[in-house]
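Peer 1: Sequence:
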Amino acid sequence: SKEMCDQRNAFTMCPLCDKFCDYWNLSSACATARASHLFDNPATVFFSIFMALWATMFLEQWKRLQMRLSYFWDLTGLEEEEEHPRPEYETKLLQKKLKNKNITTENSNENEKEKLTWSDRMPGYAANFGLILFMIMLTFSAVFGVIVYRITTAAALSFSTNETTRSNVRVTVTATAVIINLVVVLILDEIYGAVAKWLTEIEIPKTEKTFEERLILKAFLLKFVNSYASIFYVAFFKGRFVGRPGRYVYVFEGYRMEECAPGGCLMELCIQLSIIMLGKQLIQNNLFEIGIPKLKKLFRKLKDERTELKEMDTNQSKDPQQWDLDYILEPFTGLTPEYMEMIIQFGFVTLFVASFPLAPLFALLNNIIEVRLDAKKFVTELRRPDTVRAKDIGIWYNILSCIGKLSVIINAFVIAVTSDFIPRLMYQYAYSQNGTMHGFINHTLSYFNVSQLKAGTQPENSLFAQEVSFCRFKDYREPPWSPHQYEFSKQYWAVLSARLAFVILFQNLVMFLSVLVDWMIPDIPKDISEQIKKEKTVLVDFFLKEEHEKLKLIESFIARDKRKRRSGTKSKRTRAASFSQCHRSPKGSFTSFSSQHTVV
1 SKEMCDQRNA
11 FTMCPLCDKF
21 CDYWNLSSAC
31 ATARASHLFD
41 NPATVFFSIF
51 MALWATMFLE
61 QWKRLQMRLS
71 YFWDLTGLEE
81 EEEHPRPEYE
91 TKLLQKKLKN
101 KNITTENSNE
111 NEKEKLTWSD
121 RMPGYAANFG
131 LILFMIMLTF
141 SAVFGVIVYR
151 ITTAAALSFS
161 TNETTRSNVR
171 VTVTATAVII
181 NLVVVLILDE
191 IYGAVAKWLT
201 EIEIPKTEKT
211 FEERLILKAF
221 LLKFVNSYAS
231 IFYVAFFKGR
241 FVGRPGRYVY
251 VFEGYRMEEC
261 APGGCLMELC
271 IQLSIIMLGK
281 QLIQNNLFEI
291 GIPKLKKLFR
301 KLKDERTELK
311 EMDTNQSKDP
321 QQWDLDYILE
331 PFTGLTPEYM
341 EMIIQFGFVT
351 LFVASFPLAP
361 LFALLNNIIE
371 VRLDAKKFVT
381 ELRRPDTVRA
391 KDIGIWYNIL
401 SCIGKLSVII
411 NAFVIAVTSD
421 FIPRLMYQYA
431 YSQNGTMHGF
441 INHTLSYFNV
451 SQLKAGTQPE
461 NSLFAQEVSF
471 CRFKDYREPP
481 WSPHQYEFSK
491 QYWAVLSARL
501 AFVILFQNLV
511 MFLSVLVDWM
521 IPDIPKDISE
531 QIKKEKTVLV
541 DFFLKEEHEK
551 LKLIESFIAR
561 DKRKRRSGTK
571 SKRTRAASFS
581 QCHRSPKGSF
591 TSFSSQHTVV
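With our numbering applied, the sequence shown has no gaps in its numbers, which climb one by one up to 600 at the end.
Think of the hints as simulated: they come from the structure by calculation, not from any bench.
Misleading hints may appear alongside valid ones.
Unchecked claim - Derived EDC-like pairs (lysine to aspartate or glutamate); straight-line CA-CA distance at most 16 Å:
1) K206 x D326
2) K99 x D120
3) K92 x E203
4) K115 x E90
To be verified - Each pair of labels, with its calculated beta carbon distance range:
5) A455 x W481: 21 to 31 Å
6) K564 x D527: 47 to 57 Å
7) S28 x M137: 37 to 47 Å
This one's a predicted model, so the numbers in the text were calculated from it and none came from an experiment.
C-beta: ideal position from N, C-alpha, C; glycine also.
Based on the sequences and whatever the hints tell you, model everything.
Peer 2: Rendered as structure tokens:
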């Protein structure tokens with residue numbers, strides 16, 4: 001930034017637009033360079049590694065807290081009960097049975113095991129695939145529309161005769177485009193929530209749990225693409241397909257593709273991310289959460305009052321009862337919107353934290369406020385929720401884990417591709433003569449012969465002080481006097497190789513450290529695991545004691561039975577002897593009788 005801001009370094013840059021834009025000095029972009037240095041510096045790499053490890057530790061600590069809560073609420077031994085089918089599923093199944101002509105009333109018991117197959121659900125799956133694809137393309141179209149707005153507005157403002165307007169073209173276009181993008185994101189978010197619910201209903205899931213999981217996946221996919229599409233464009237695509245002087249890439253045959261600012265796209269990515277994140281949190285998470293339930297409550301109250309006026313009973317008490325007040329409240333629709341807010345916010349905090357390091361701070365401040373707003377909403381605006389037993393947060397944990405892993409890859413690419421960290425590193429250790437950063441700006445700028453500009457694209461009425469023979473543009477290309485003029489230079493391929501190597505190294509290092517942290521931190525807290533072991537020991541001792549008592553009881557029964565048998569045998573023998581003495585018969589018959597008695 002010092003080299004860029006030095007007035008003595010007369011870097012004459014090529015025009016930013018055709019015909020109406022003049023040559024300009026790089027030192028005029030000094031403020032942008034200084035601002036981008038706040039985020040584009042070596043500390044960003046270590047902060048990204050820290051945030052990736054933080055995401056892993058956050059998930060591990062949540063697992064531990066989840067286990068603690070599960071233990072305190074006595075849910076550690078909770079087994080998933082078999083859920084009943086949804087009414088919509090049973091209705092569809094009944095319709096299928098009625099359509100089948102072979103089914104009779106005699107074998108109706110066999111048909112109870114029948115279920116919906118892939119062929120029954122195929123229309124729903126096809127509609128899901130087609131509409132989700134359409135919605136994603138709609139999001140990309142909205143992003144492309146904003147890009148066209150930026151290009152055309154920048155070109156229109158460049159024609160202005162006002163010097164102040166022309167000098168602030170980039171700031172004006174960026175700020176207005178991001179605000180338009182935010183409005184589009186907020187509108188599409190509401191539409192996508194309703195569309196995801198309808199798409200899940202036509203799939204006809206069997207149970208409520210399956211319905212909830214599929215709804216969450218669809219809503220998350222659509223809202224994720226909607227929230228981050230424009231940010232991905234600025235981070236990885238803007239300025240990559242511009243072309244070069246003399247061979248620019250045009251949109252609609254008249255407008256050049258937009259370029260990054262002289263300081264790089266990282267500062268613009270920071271502005272884009274901050275406005276969208278703060279706008280979503282302030283408007284969608286806070287104002288909508290309080291405002292919409294109040295409006296619905298007011299509308300329902302007015303509607304009920306009109307109904308009551310028609311059916312008013314003179315004997316009825318004027319004071320409303322508590323159940324009347326509770327009925328006016330907004331029905332509780334589940335925790336999915338609350339979870340979705342936190343998941344999207346977690347993405348803002350982790351995915352592009354290299355470009356906007358203040359994101360965690362703003363997320364913390366938002367959550368402090370939102371805790372109180374949610375408390376007020378749940379207590380005063382919503383009806384009491386139905387209690388449901390659950391061991392964990394279900395599929396949301398898997399989504400959080402996926403975002404944590406994706407953040408490592410995205411931050412690696414942001415540092416390697418969007419920022420100038422790798423080019424600076426390469427210059428300092430490979431191309432600098434004295435091992436310092438002096439001469440870095442000159443090294444990253446290529447030369448272009450202005451006489452080779454296409455006819456009709458040269459600046460009209462140039463006010464530049466000196467005659468310009470060569471202008472500079474940011475790229476690694478061969479100079480005009482080279483036999484391979486304007487082709488990518490060796491430095492370009494060296495920097496590209498270093499960027500890819502950094503992505504691989506960063507990703508593997510952070511993934512290894514994340515796995516190490518995961519392995520070091522146990523999922524169950526030590527005090528909880530010891531308590532569970534004690535309870536199991538007590539339970540086993542209790543069962544052993546019970547079994548021992550049962551065994552003693554059985555042994556006592558067996559011993560008593562044996563005593564009874566012995567006493568019974570003696571009495572029988574006594575009766576047999578007395579009988580033989582009283583009724584003596586011939587010897588042979590007596591012997592046969594006694595032998596028969598003994599056998600019996």
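Peer 1: Confirm or reject each hint.
Peer 2: Hints versus structure:
no., hint, in the structure
1, K206 x D326, "violated (32 Å)"
2, K99 x D120, "holds (12 Å)"
3, K92 x E203, "holds (11 Å)"
4, K115 x E90, "holds (9 Å)"
5, A455 x W481: 21 to 31 Å, "holds (23 Å)"
6, K564 x D527: 47 to 57 Å, "holds (55 Å)"
7, S28 x M137: 37 to 47 Å, "holds (40 Å)"
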